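Asks: What follows is the residue order along each chain.
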Amino acid sequence: MIYREAGQYKTTYDTDTQIFPIAQDRYAMLAILLIAFIVIPFVATPYIFSAILIPFLIFSLAALGLNILTGYAGQISLGTAAFMAVGAFASYNFMLRVPGMPILLAFILGGICAAMVGIAFGLPSLRIRGFYLAASTLATQFFVVWCLTKVPWFTNNSASGVITAQQIEILGFKFDSPQEKYLLVLGIVCVLALLAKNMVRSTVGRSWMAVRDMDVAAEVIGFRVMKTKLTAFAVSSFYCGIAGALFAYCYVGTVEPEAYNLDLSFRILFMVIIGGLGSILGSFFGAAFIVLLPIVLSMIVHVTGLPNSVTSNVELMVFGGLIIFFLIVEPHGLARLWQIGKEKLRLWPFPH
Amino acid sequence: MSDSAQRKIGDVILKADNVSLSFGGVKALTNISFDVREHEIRAIIGPNGAGKSSMLNVINGVYHPQEGTITYRGEQRKDMDTHAAAKSGIARTFQNIALFTGMSVLDNIMTGRNLKIKSTFVEQALWIGRARREEMENRRVVEEIIDFLQLQHVRKTPVARLPYGIKKRVELARALAAEPSMLLLDEPMAGMNVEEKQDMCRFVLDTNDQFGTTIVLIEHDMGVVMDISDRVAVLDYGKKIGDGTPDEVRSNPEVIKAYLGAH
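Listed in order, the protein sequences are those of chains A and B.
Residue numbering for the first sequence follows this note's numbering, starting at 1 and increasing by one per position.
Residue numbering for the second sequence follows this note's numbering, starting at 1 and increasing by one per position.
None of these hints come from the bench; they were simulated from the model.
One should not assume that every hint holds.
[To be verified] List of simulated lysine-lysine pairs, DSS-like, C-alpha gap at most 30 Å:
id: 1; chain 1: B; residue 1: Lys87; chain 2: B; residue 2: Lys167
id: 2; chain 1: A; residue 1: Lys10; chain 2: B; residue 2: Lys167
id: 3; chain 1: A; residue 1: Lys227; chain 2: B; residue 2: Lys156
id: 4; chain 1: A; residue 1: Lys197; chain 2: B; residue 2: Lys87
Quick caveat, the model's predicted, so the values are computed rather than measured.
Full structure from sequences and hints, please.
Replies: What follows is the structure in C-alpha cells.
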C-alpha cells in the first residue's frame, strides 16, 4: 500500500480540521482500535493484560495528562504522581463513604479532586517558571504523600496505610478478570485521548501553546494568562487523577500512598520527554517505550542464558543506552521521529 | 486601489496626556502628550532608546505609566490593561517577532481570533455544536486574511521554519485576525530588503484603506515613514520634540538636530 494523499481533496474547513486528515491514517487508526477492542481480548493471556497492556494504557493516560501541562502549556511539573494519588484516594473514599456511588462517577470525582489540588499547587506558576516551578511542584509531591500517610481518615484508618480497591461494577456488570479490566481502561483512555485531541485543536489548546511560546504576546492578543495556566493545571491533574484511580483499581488492586512517589513522577516525565513534548501520540509512544522496552529487553537478555545477576544489569544498561540514543537522534521525541518517517513515506520511493 | 470612503481621517480616538513612565531611576517617557485620529496612519520616530516602543507598550497596557492619563474612545484611564485593550480593538505587532513558534501559521493566526470565540471549555473538548461551528467560521475569516497577506503557501508550516520576512507578515496577520480598529506596528519593516519593505508598505496601506484601521507605526526608514504616514511624532530621550505632518517634521530644526541630520 502506498502512503499517498493524492486525490484526497478537502473542500470544507470541517474536513481540513479532522484529527486524521489523511485517509490512510484514518484506516490505520480504525484498524488499531478494532484490534485493541475486539481481537486482543480474545487472543491475549491474563499475563499480557495485567503486566503489559493495562500498565501501558494507564501510564499513557498519566503521560497524556503531564503532556498537556508540560508539552502544551509549557509548565514543568514534578508532581504527577501526587495528582495520581489524589485521584486514587479520593475515588476510594467516595466509593467507601457514599453508599451506591457508581464507580465511573467516583473516578470522575477523584479526577476533579486532583484538578482542584492541581489548581492550588499551580498557583506558583503565575509568578515563577522553568526550573523554579519544577522545584515548587516538588512540594506537591511531598505534601500529598505525607498528607495521605499521616491522616488516617484517607486510608480508612488502615493500620499499614494500604487501601484495597473496591469491586468495579458498572450497571450490574462486574469487572473482575484482567480482560474485563483491560477493556474498561482502554475505553476510558480512548475517550480521554479524544477529548484531549479536541482541546488541543481548539481555542483552549491554542491558548496553552500561546502561553508556552510567548506569554506577553498571548496576553496582548487577549488570552488571560492566569486562567490559561490554571486551566492547564486543572485538566492535566484531572487526567493524572483518573490515571491514578485506574492504577489503583485496575492495575495493582491494593495500594499505599508511597506507591505514588517521586520515582513515579520522574518515570512519567521521562515518558513525556522521550515520547515527544506537545504530542498526544507521543504520550503513548513514551509510555510504550518505558513500560514495554524493559519487558522486551529482559526477554531478549534471558534467552542468552547468562546468569541472573548479569542479565538484570545488562538490561538496565541497554535501557539507559537506548534512552540516550533516542534523545540524541531526535531530541523532540519519538513522536517527531514518527512524523518525519511519515513525511518521508509520502514521497517514497522518490527522493523529492 | 483608489482612495475609498473609509480613508477619511476622523476625530481623535486615542489621546495620551502628560504620560510619564520610569523604570527605577530611568525615565523612559517624560510628560508626553499625543493623539491619534481615526483612520490615520500615525508614525512615531526617534533614535534608539527614545521611548517609542515604551509608548506603544503604554497604549496597550503592557507598561503602566506613573503619571498621566490615556483616553481611548472617550474613556479616560490612568493606564490600560492588556486584556481590556485587546477587547476594545487594539492589536499590535512586536519589534522582535513575538510569534508562537511551536504552532503552525494557521494556528498562530487563529489565536488572533480568540476573543471572538464564545464556546465553553466543555463544548471545545467535545468538539460539538457551537465550538465546531465557531472553529469553522473563524477559519473562514482567517483564510481571508491569509489571502489578503498572501500566506497561502505556508498555511500549515510551523512558524519556526519560516524566513524572517514571512514571519513579520504572519505577525501582522495574527494582529489583523482580531479585526482591530487600531493597529500598533513596532518596526514592521526592520531588517527587510527593499522588496520585502515594499510588500509590507503595501499591506499596511491596504489594511488602512480596506478596513479603515487606524495605524500607529514605529519605523526607522525615513523614506517609508514620510511617504505613508499622515502625521509623525518625534521622540528623543523620552521627550516629544516634534509633531505634525511629514513636511512639518522634516523642516523642524530640533528634529533635524536630534534625528534626521542635515541633508
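Asks: If a hint holds in the structure, say so; if it does not, say that too.
Replies: Outcome of the hint check:
1. Taking the CA atoms of Lys87/B and Lys167/B, the gap is near 24 Å; set against the 30 Å cutoff, the hint holds.
2. Distance hint between Lys10/A and Lys167/B is fulfilled; the C-alpha atoms sit about 26 Å from each other, no more than 30 Å.
3. The suggested pairing of Lys227/A with Lys156/B holds, with an alpha-carbon distance near 28 Å, which does not exceed 30 Å.
4. For the proposed pair Lys197/A and Lys87/B, the alpha carbon gap of about 28 Å is at most 30 Å, so the pair holds.
In the structure shown, no violation is registered for any of the earlier numbered hints.
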